[in-house]
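Trainee: Spelled out from the first residue to the last, the chains are:
There are 2 protein chains.
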Amino acid sequence: MLLFERSEYLARVTRVKKAMAEKGIDVLLIASPANQFWLTGYDGWSFYTPQMVVVNSTEEEPLWIGRKMDSVGAKFTAFLAERNVLPYPDNYVGSSELHPIQFVAEELQRRGWDRGRVGVETDDYYYTAKWDAILRHGLPNCEFVDAFLLVNRCRMVKSDRELDYMRQAGRIAAAAQQAAFDKAQPGVRQCDVMAELYRVTTAGLPEFGGTFPCKPPNAMVGEYCAAPHLSWTDAPLEKEDLFYIEMGGVRHRYHSPLSRCIYLGKPTERMDFVAKVIAEGLNAVLEKVRPGVLCEELAAAWKAVISRYGIEKDSRIGYPVGIGFPPTWGELTASLRAGDKTVMEKNMTFHCIPAIWMEKYGLVISESFAVTDKGAECFADFPRVLLSKA
Amino acid sequence: MLLFERSEYLARVTRVKKAMAEKGIDVLLIASPANQFWLTGYDGWSFYTPQMVVVNSTEEEPLWIGRKMDSVGAKFTAFLAERNVLPYPDNYVGSSELHPIQFVAEELQRRGWDRGRVGVETDDYYYTAKWDAILRHGLPNCEFVDAFLLVNRCRMVKSDRELDYMRQAGRIAAAAQQAAFDKAQPGVRQCDVMAELYRVTTAGLPEFGGTFPCKPPNAMVGEYCAAPHLSWTDAPLEKEDLFYIEMGGVRHRYHSPLSRCIYLGKPTERMDFVAKVIAEGLNAVLEKVRPGVLCEELAAAWKAVISRYGIEKDSRIGYPVGIGFPPTWGELTASLRAGDKTVMEKNMTFHCIPAIWMEKYGLVISESFAVTDKGAECFADFPRVLLSKA
Chain A
1 MLLFERSEYL ARVTRVKKAM AEKGIDVLLI ASPANQFWLT GYDGWSFYTP QMVVVNSTEE
61 EPLWIGRKMD SVGAKFTAFL AERNVLPYPD NYVGSSELHP IQFVAEELQR RGWDRGRVGV
121 ETDDYYYTAK WDAILRHGLP NCEFVDAFLL VNRCRMVKSD RELDYMRQAG RIAAAAQQAA
181 FDKAQPGVRQ CDVMAELYRV TTAGLPEFGG TFPCKPPNAM VGEYCAAPHL SWTDAPLEKE
241 DLFYIEMGGV RHRYHSPLSR CIYLGKPTER MDFVAKVIAE GLNAVLEKVR PGVLCEELAA
301 AWKAVISRYG IEKDSRIGYP VGIGFPPTWG ELTASLRAGD KTVMEKNMTF HCIPAIWMEK
361 YGLVISESFA VTDKGAECFA DFPRVLLSKA
Chain B
1 MLLFERSEYL ARVTRVKKAM AEKGIDVLLI ASPANQFWLT GYDGWSFYTP QMVVVNSTEE
61 EPLWIGRKMD SVGAKFTAFL AERNVLPYPD NYVGSSELHP IQFVAEELQR RGWDRGRVGV
121 ETDDYYYTAK WDAILRHGLP NCEFVDAFLL VNRCRMVKSD RELDYMRQAG RIAAAAQQAA
181 FDKAQPGVRQ CDVMAELYRV TTAGLPEFGG TFPCKPPNAM VGEYCAAPHL SWTDAPLEKE
241 DLFYIEMGGV RHRYHSPLSR CIYLGKPTER MDFVAKVIAE GLNAVLEKVR PGVLCEELAA
301 AWKAVISRYG IEKDSRIGYP VGIGFPPTWG ELTASLRAGD KTVMEKNMTF HCIPAIWMEK
361 YGLVISESFA VTDKGAECFA DFPRVLLSKA
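The listed protein sequences correspond, in order, to chains A and B.
FYI, in the UniProt record's numbering the residues of the first sequence are 1 to 390.
FYI, in the UniProt record's numbering the residues of the second sequence are 1 to 390.
Some clues are possibly wrong.
One copy or any two copies: either way a pair holds, since identical chains are not told apart in the list.
When the alpha-carbon atoms are kept at most 30 Å apart in a straight line, the in silico BS3-like pairs for lysine-lysine are as follows [claimed, not checked]:
#1 Lys360 <-> Lys68
#2 Lys17 <-> Lys288
#3 Lys266 <-> Lys17
#4 Lys313 <-> Lys68
Hints in this document: simulated from the structure, not taken from any laboratory.
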């Protein structure tokens with residue numbers, strides 16, 4: 001099943017070719033599974049063996065090159081004509097003699113695409129040093145150009161249907177946070193709360209289903225709340241425990257993250273104070289959102305609020321969000337922080353996550369939103385407070 | 001909380017140093033999050049920003065280098081002394097001017113570790129071409145040596161406690177497959193079946209909790225069953241639907257995969273036949289398992305069975321399994337297939353997944369097991385059949 005019309009995929013290809021032309025790139029080799037998904041629709045958990053999507057500036061469709069058994073999945077999920085789905089045999093998998101990227105280089109040679117300027121995503125998670133060495137060796141007549149984030153940047157402005165998926169993901173996220181809140185109480189194991197959350201993100205809502213996230217929730221309890229990216233345990237919750245939950249709702253690989261904290265008791269004055277500062281700062285950021293505003297201006301709006309209360313934060317407060325493949329749902333193209341001059345455009349999407357990390361714990365209230373002419377459109381509808389139950 | 005005693009971590013470091021010595025490596029730079037976890041205990045979902053573990057052959061403990069906010073998590077989860085946890089500031093994150101790997105290179109210089117032979121995991125998912133270029137530029141006096149899979153190979157033989165975690169993971173896997181089977185019936189959405197499965201893998205059992213998997217189940221219904229690595233949808237199940245489920249139980253990042261198919265009806269003769277051949281072939285493989293046996297001998301045992309029934313399969317039937325970080329729970333060191341001379345040793349662990357892919361669908365029955373003196377010890381206890389319900 002194609003998630004988008006062929007015309008939408010072709011418009012994406014056109015957008016990428018334009019960016020290629022600006023850098024003088026003739027052939028673009030895409031390693032990022034998120035970029036492959038966006039550009040072709042291909043959607044399988046097969047990227048643990050090498051696979052690439054190739055865009056030639058003179059061809060209408062990209063080329064998908066992957067493991068033979070996964071070419072079947074390409075026929076179901078990618079908009080590509082069958083001739084543009086190229087399988088390599090299974091003896092290339094996990095072999096010390098053969099490497100799938102050799103196959104890619106040889107295929108480019110066969111097609112006479114081994115000339116001119118080749119763009120590669122030098123710092124993408126899946127573009128290893130070995131791939132790069134094999135390609136440079138196998139394509140000696142090519143000039144290699146860094147195209148890291150070239151496609152990511154093309155992904156930033158979403159189509160209407162992409163926004164619909166992110167809205168649905170936001171509704172799932174809110175339902176999952178609610179389920180976690182409902183389940184959390186002293187005596188219940190942390191993992192049982194997270195099981196409820198996963199049940200909802202996977203099942204989704206009656207109107208549309210959920211799916212798997214590209215990363216687990218960062219969900220910590222007690223002293224672990226001092227560290228942003230740890231995980232829950234199977235210990236039972238206790239009175240006065242703080243449960244930090246950063247998670248995402250997902251619809252067709254589109255993620256809408258949403259973060260809240262749950263306190264099992266009456267929050268201390270300090271907690272209550274910090275949570276209110278976060279909410280006020282977040283609201284100030286959201287009110288600032290408009291096409292034309294710079295990322296650093298959002299960071300400044302945040303800083304103006306927290307400085308007034310004597311609070312500091314030295315890490316960024318957000319990033320563009322959308323399609324997620326492991327290890328992240330971030331688009332990697334910009335940061336909401338001082339010095340980032342990225343201009344917000346209509347239908348770009350961000351996750352603003354202004355967590356405050358103190359010595360013993362962290363607190364967070366986050367929202368994912370689209371940039372619209374009227375301001376920020378948040379994907380979830382959930383109270384911007386430190387949740388608590390006695 | 002440390003999952004293992006300090007002495008066990010130090011024994012792992014010793015094992016790695018021995019492998020380094022065999023390749024004449026003075027300093028090993030580890031990019032793989034699974035290898036970092038195994039060697040230090042560090043366990044956070046923070047590897048979407050660069051982090052490395054460094055083993056110097058002359059130092060007792062490795063060094064962890066990562067983002068400042070994640071150094072807190074290192075103090076909770078890694079066995080390392082505080083002085084061996086090195087944070088880089090947040091302005092290195094997602095920056096076009098600064099790269100965290102520059103920080104790594106500079107730190108090695110500061111310590112005088114920028115001489116001799118440096119091992120790098122050239123084809124690890126997280127060791128990008130860019131990292132490699134920065135390191136080579138920043139460490140001009142080092143000789144670079146490929147150390148891909150060096151640590152992975154050290155991980156193959158498990159300790160008693162590691163095996164305990166995999167046994168627990170196997171029990172969770174069986175419970176989750178049972179929950180999926182119980183939930184599946186015509187009219188129920190695919191995503192609601194998977195929600196039950198996720199509920200169980202996350203909650204675990206009353207005696208011990210579950211957690212998140214490093215990859216989602218490959219779970220397909222209907223025509224999608226022809227492709228090995230696709231995903232479920234939110235369509236309702238129908239009579240005569242086949243549900244293919246490859247999933248893993250998880251305990252502390254240790255995965256025990258288990259795969260089964262569910263047929264909603266009376267299986268066709270062909271399905272029934274193929275499923276029985278798979279079970280017979282799998283049993284033949286498991287009966288062959290002993291220390292000293294070669295991986296290719298297991299593949300041969302499988303092939304002897306299926307050839308007798310006129311069935312062919314051109315892809316490998318399994319691989320070593322254990323710690324999982326995205327995108328895989330495979331250890332990447334060996335394959336159960338013809339030509340693989342890897343010698344099975346006691347307490348190595350494998351996932352044997354002899355799926356048969358036909359034109360319209362695939363069938364699978366898989367088991368994860370440890371190599372013991374008495375043969376294969378399977379981690380899950382679940383019927384080796386094509387499950388069906390009318």
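Trainee: Honestly, which of those hints from before does the structure not fit?
Mentor: Going through the list in order, the structure violates hints 2 and 3 and respects the others.
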